[in-house]
Amino acid sequence: MKKNRSKIIIILLFIVGAVYALYPTYKSQTLKSEEDRFGNTSQDSVKRVKWENANGQDLKDASAKAIKLGLDLRGGIYVTMEVDVLKFIDEQALQKDDIFQQVMDATEKDEATSENPIVPMFVQHFDQLARPKGKSLANYFYFAEAGNGDDAAIQAALQKGADEAVDRAIEIIRNRIDQFGLTEPTIQKEGTRRIIIELPGVGDPTQVHQLLQGTAQLEFRLLKDPQIVKNVLDRIDQHLRGDTTLTNVATADTSKADTTKATAAAAPDTAKALPDTSKKAATSKEATASKKDTSSKQTAALSPADSAARADSIAEIGMSQQQKYAHFVKLHPFTSILMKGASQQSGDIFATESDRRLIKSILDRPDVKRLYSDEMAFMFSRPLPAGKNENVYQLYFLNGQPELTGKVITDAQADVDQSSGRPEVNMQMDDEGTRVWRRVTHANITKQIAIVLDSVVYSAPRVDGEIPSGNSQITGIGDMTEANLLKIVLKAGALPAPVKIIQESVIGPSLGADSISKGTSSIIWSFLVVMIFMLIYYVTGGAVADLAVLINLLFTMAILATFGATLTLPGMAGLVLTVGIAVDANVLIYERIREELSLGKSLKLAMDDGYRRAFAPIFDGHLTAFFSGVILYAFGTGTVQGFAVTLMIGVSASLFTAIIITRVLFDILMERNPEIIKFG
Amino acid sequence: MRFFRKTQIDFIGKRRIWYYVSTFVTMAGIVWALFRGIEYGIDFAGGTEVQLQFQKNASIEDVRGALDRAGIHGAEVKYYGADQSGVLIRVREGAQGAQAGSEATKKVMDAVVQGFPNNHLVTKDGIPKNEPIQEQHIGPKIGAEQRVNAILAVTFTCIVILIYLAFRFRFVYGLGAVIAIVHDVLVAFAFAVICNGIWPWLNLEMNSTMLAAFLTIVGFSVNDTVIIFDRIREDQRKYKGQSLKDIMNRAINETLPRTIITSGTVFLTLLVLFIWGGEVLRGFAFTMLIGVITGTYSSIFVASAIAFDWLERDKTKPSRVSVGPAKQTATKRVPATV
Chain S
1 MKKNRSKIII ILLFIVGAVY ALYPTYKSQT LKSEEDRFGN TSQDSVKRVK
51 WENANGQDLK DASAKAIKLG LDLRGGIYVT MEVDVLKFID EQALQKDDIF
101 QQVMDATEKD EATSENPIVP MFVQHFDQLA RPKGKSLANY FYFAEAGNGD
151 DAAIQAALQK GADEAVDRAI EIIRNRIDQF GLTEPTIQKE GTRRIIIELP
201 GVGDPTQVHQ LLQGTAQLEF RLLKDPQIVK NVLDRIDQHL RGDTTLTNVA
251 TADTSKADTT KATAAAAPDT AKALPDTSKK AATSKEATAS KKDTSSKQTA
301 ALSPADSAAR ADSIAEIGMS QQQKYAHFVK LHPFTSILMK GASQQSGDIF
351 ATESDRRLIK SILDRPDVKR LYSDEMAFMF SRPLPAGKNE NVYQLYFLNG
401 QPELTGKVIT DAQADVDQSS GRPEVNMQMD DEGTRVWRRV THANITKQIA
451 IVLDSVVYSA PRVDGEIPSG NSQITGIGDM TEANLLKIVL KAGALPAPVK
501 IIQESVIGPS LGADSISKGT SSIIWSFLVV MIFMLIYYVT GGAVADLAVL
551 INLLFTMAIL ATFGATLTLP GMAGLVLTVG IAVDANVLIY ERIREELSLG
601 KSLKLAMDDG YRRAFAPIFD GHLTAFFSGV ILYAFGTGTV QGFAVTLMIG
651 VSASLFTAII ITRVLFDILM ERNPEIIKFG
Chain A
1001 MRFFRKTQID FIGKRRIWYY VSTFVTMAGI VWALFRGIEY GIDFAGGTEV
1051 QLQFQKNASI EDVRGALDRA GIHGAEVKYY GADQSGVLIR VREGAQGAQA
1101 GSEATKKVMD AVVQGFPNNH LVTKDGIPKN EPIQEQHIGP KIGAEQRVNA
1151 ILAVTFTCIV ILIYLAFRFR FVYGLGAVIA IVHDVLVAFA FAVICNGIWP
1201 WLNLEMNSTM LAAFLTIVGF SVNDTVIIFD RIREDQRKYK GQSLKDIMNR
1251 AINETLPRTI ITSGTVFLTL LVLFIWGGEV LRGFAFTMLI GVITGTYSSI
1301 FVASAIAFDW LERDKTKPSR VSVGPAKQTA TKRVPATV
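Respectively, the protein sequence lines represent chains S and A. In terms of the working numbering, the first sequence has 205 at position 205, counting the first letter as 1, and numbering is strictly consecutive. In terms of the working numbering, the second sequence has 1254 at position 254, counting the first letter as 1, and numbering is strictly consecutive.
Bear in mind the hints are in silico, worked out from the structure with no lab data behind them. Treat the hints with care, as some may be off.
EDC-like mimics (lysine to aspartate or glutamate), calculated; alpha carbons at most 20 Å apart, straight line [unchecked claim]: (1) A:K1006 with S:E595; (2) A:K1141 with S:E108; (3) A:K1238 with S:D105; (4) A:K1141 with S:D105; (5) A:K1238 with S:D608; (6) A:K1129 with S:D204; (7) S:K189 with A:E1145; (8) S:K500 with A:E1145; (9) S:K601 with A:E1234; (10) A:K1238 with S:E595; (11) A:K1238 with S:E596; (12) S:K447 with S:E466; (13) A:K1141 with S:E115; (14) A:K1107 with S:D204; (15) A:K1141 with S:E111; (16) A:K1106 with S:E595; (17) S:K518 with A:D1125; (18) S:K330 with S:E353; (19) S:K96 with S:D127; (20) A:K1141 with S:D110; (21) A:K1141 with S:E190; (22) S:K500 with A:E1103; (23) S:K601 with A:E1254; (24) S:K447 with S:E375; (25) A:K1006 with S:E596; (26) S:K32 with A:D1125; (27) S:K230 with S:E375; (28) S:K7 with S:E671; (29) S:K518 with A:E1279; (30) A:K1124 with S:E52; (31) S:K87 with S:E115; (32) S:K601 with A:D1235; (33) S:K50 with S:D61; (34) S:K369 with S:D454; (35) A:K1124 with S:D110; (36) S:K109 with A:E1145; (37) S:K518 with A:D1083; (38) A:K1240 with A:E1254.
Excised from the complex, chain S in its bound form:
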């Protein structure tokens, strides 16, 4: 016991750690099955609302740390996209004559069969076909950054634009997916040209195509004058007054699953804590200052002290705080929802994920839309990192029409300001853009202009003064990452990021459920078969090995959960194989011990020798299995990588469980009751 004390402590610590790492998986499973018990009747939906209020956050937290299931097990859409460099070149060309078309056709033909980079391929064809006819790249392309406009510089600019297209495409796609509110989407860059997108639980591919492929819209919109905002909100409130679905969100089921969250938002005591606004959301250098005055006005616009409310305020006398609130809600069903997220200091309106969905669903109603769409637009920011558990968005009231679209931007750079050392973003515009921009900035000094990509506000800097040259500088940015993001967004308006879907799998949810049940049951059976066999064949040794195998599975699952690795159906098969390898290690040891025993050695000596001599082959075997796992991970895709991951983790864990843990267990037995140690 003594000589193994440190080993025992380490083993126990690992086991406790593994159980801790797996607890969220267990919890999310139990909570999910509780949630699934509710049916579709109205009575059930009330129960469900209550249940989600109590457990929704726990479920969310637990799911975040639980073992992730691959799309083959949960159903959903898996998409691989590739930047369409050819299309990018085509869209960059300022004029397309027959010669250019010939070059493009030749390149396209090559591209279908070759893996070579496309820009050099294009230039090569250009040299062969167009140059003899007296054309140069400068006849077709113009890039501000290409300087003197010689062909090498243009080629470099084309290449750079194509290389950066992946980042632009990812940001555009992420932005749209965020808006869609899909659960747990993953967007990954693979290599230099590819993007892998996984959307669990989505079933309609055509919807996804629209989401992934449309052209990005970048706009500059002025923030709306608070007085007009107030009028519009009044109108909406008046229109919605008496709409019981809103004033009584708690029992209604207007927006499906969102209702729960809306309930939480509508009840004053459950209003979620909102982030400190002074910290975030401001991008312009003086934006904080400017925000303060706009904000007070915005709050004024939203305060109950408007005409309609004043008339009723007499009625409020003698009412309790609660009743007053209920009365206000009744009169201002819409404003009261917005008010939930109004920051006390700045008056900016913030909304949690669920509130945002509720607000959007109201604003999208055709009867409501009619009331504001002529003069105003409601748009949300991208999710702000300040939200603790749920994403938080800022709501902007914007002009109905954009001042400018992003097409006029010629370039953008993220930089560090020389004097202050703070990050900044510079952007340049073409002639037409410069003209409009000058007029707009001249007329709107001290006002905020929002930078909007696909209806999402990325930044709303304040205009410090007229910008005559088209060279604008955006300062007051939090950090370099944010500056880079803004750069990418600005460029997304200027440069297209054409992507095409080159691979797509749509897995129906019923197939996933079927795979889970088949996979799980067959795996449990195969484990049982092996474990019972080991027990019969090696008696005590078998029992110890079985225990080690169980601990190995525990560790493997815990490591999967900790590193956020994904469990796929082939991954489950990997578990079976891992068990095979782990059992093999013990078989090797036990057969060796039997041999040593048959030579007449004492049990203790036989065990010492058995463990020592079996180590080398076990180690070799595990290492080679690990190698094939690594290679499979490098060359395989999707679900097969899941197999490689479980194999690698399982094999590593097996070295520990099959050799060290079993040895410690035998040592303990040896000290207490050596007579029960038998190897069959």
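Use these hints to put chain A onto chain S, whose structure you have.
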């Protein structure tokens, strides 16, 4: 409990018969693949694949007929699942991209819905729904790329293992092990393509899950081989002066119980997966079942046997007349260590 008393089988002496058997099986697979072609899975072939579940059994001919009537010709149709109600349809159409792919799916769905007025499409839980269970669109480039990657992966694994074993043992043994690996992959491949040709319902097409099976076979086979080699090395130290043949036979016989027990248990687990693991894992489990058998066999009759023949040939070389002095030293009696 134990299955074996001490065995004393002359494995090495019988190696030549097995050389013929191995050569025959691998050649059969290659010849079959050359003449009948390899059936690639969607991820290697590219195109559009739609998996459907009917409420009642449907005949392949009827499905094909319905597709033909809708103008979709040359589609590949086969059963997928436990009975004849699950159908897999594969068309080359829509290989150009996803947009075209989902249109192809739509066309297939329309054709099937119209062609089977009396047989509903259902989800896996049996709820009527005119939707595929699964659909995949794979661009031709990706398919080609993944085929190349699969071959690269197997090749690369062999090289890594050769290097590793050359360090751990002598080069000859590493070579024997790698030849055994190649042998195992080829045998498993042979069984997969031939069985797929004879029993299409096994769904043993070459896809990325199959690649996983091949690489796992590689790992398993090497593991087996290394354990025998390790014992050969140990016995060479223990029984100096015995002939290489005796030592190898002894080592193989000593490790035989372990070999059988391990292979047996892994075989059992895979059998469970093969029978109850569902459609996706069936091909994997089948190939692995073959791989376990051939991996065990090859560690004895290929890896050890080739190493033996190589070392024996080296020994006989000095008797040749025309060998110069430099060569003499190079080929002098090889010390009996591995």
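For the pair we were handed, K1141 (chain A) and E190 (chain S), check the Cα-Cα distance against 20 Å. holds, 16 Å
Distance restraint between K1240 (chain A) and E1254 (chain A), which requires alpha-carbon spacing of 20 Å or less: holds, 17 Å
Has the given pair, K1141 (chain A) with D110 (chain S), been kept, meaning a C-alpha gap of at most 20 Å? Satisfied, since the Cα-Cα distance of roughly 13 Å is no more than 20 Å.
Does the alpha-carbon distance linking K1106 (chain A) and E595 (chain S) stay inside the 20 Å limit? violated, 65 Å
Is the straight-line distance between the alpha-carbon of K1124 (chain A) and that of E52 (chain S) 20 Å or less? violated, 29 Å
If you draw a straight line from the CA of K447 (chain S) to the CA of E466 (chain S), is it 20 Å or shorter? Holds, at roughly 11 Å.
Sort out whether E1145 (chain A) lies within 20 Å of K189 (chain S), counting only the CA atoms. At roughly 18 Å apart (the allowed maximum being 20 Å), E1145 (chain A) and K189 (chain S) satisfy the hint.
Proposed proximity, D204 (chain S) with K1107 (chain A) (alpha carbon, max 20 Å): holds, 15 Å
Would the hint linking K518 (chain S) and E1279 (chain A) be met if the CA-CA limit is 20 Å? holds, 9 Å
Holds or violated: are the alpha carbons of K601 (chain S) and D1235 (chain A) at most 20 Å from each other? holds, 19 Å
Check the hint pairing K330 (chain S) with E353 (chain S) against an upper bound of 20 Å on the C-alpha distance. violated, 23 Å
Between K32 (chain S) and D1125 (chain A), is the straight-line Cα distance small enough, at 20 Å or below? holds, 19 Å
In this structure, the hints that do not hold are numbers 3, 16, 18, 30, 35, in rising order.
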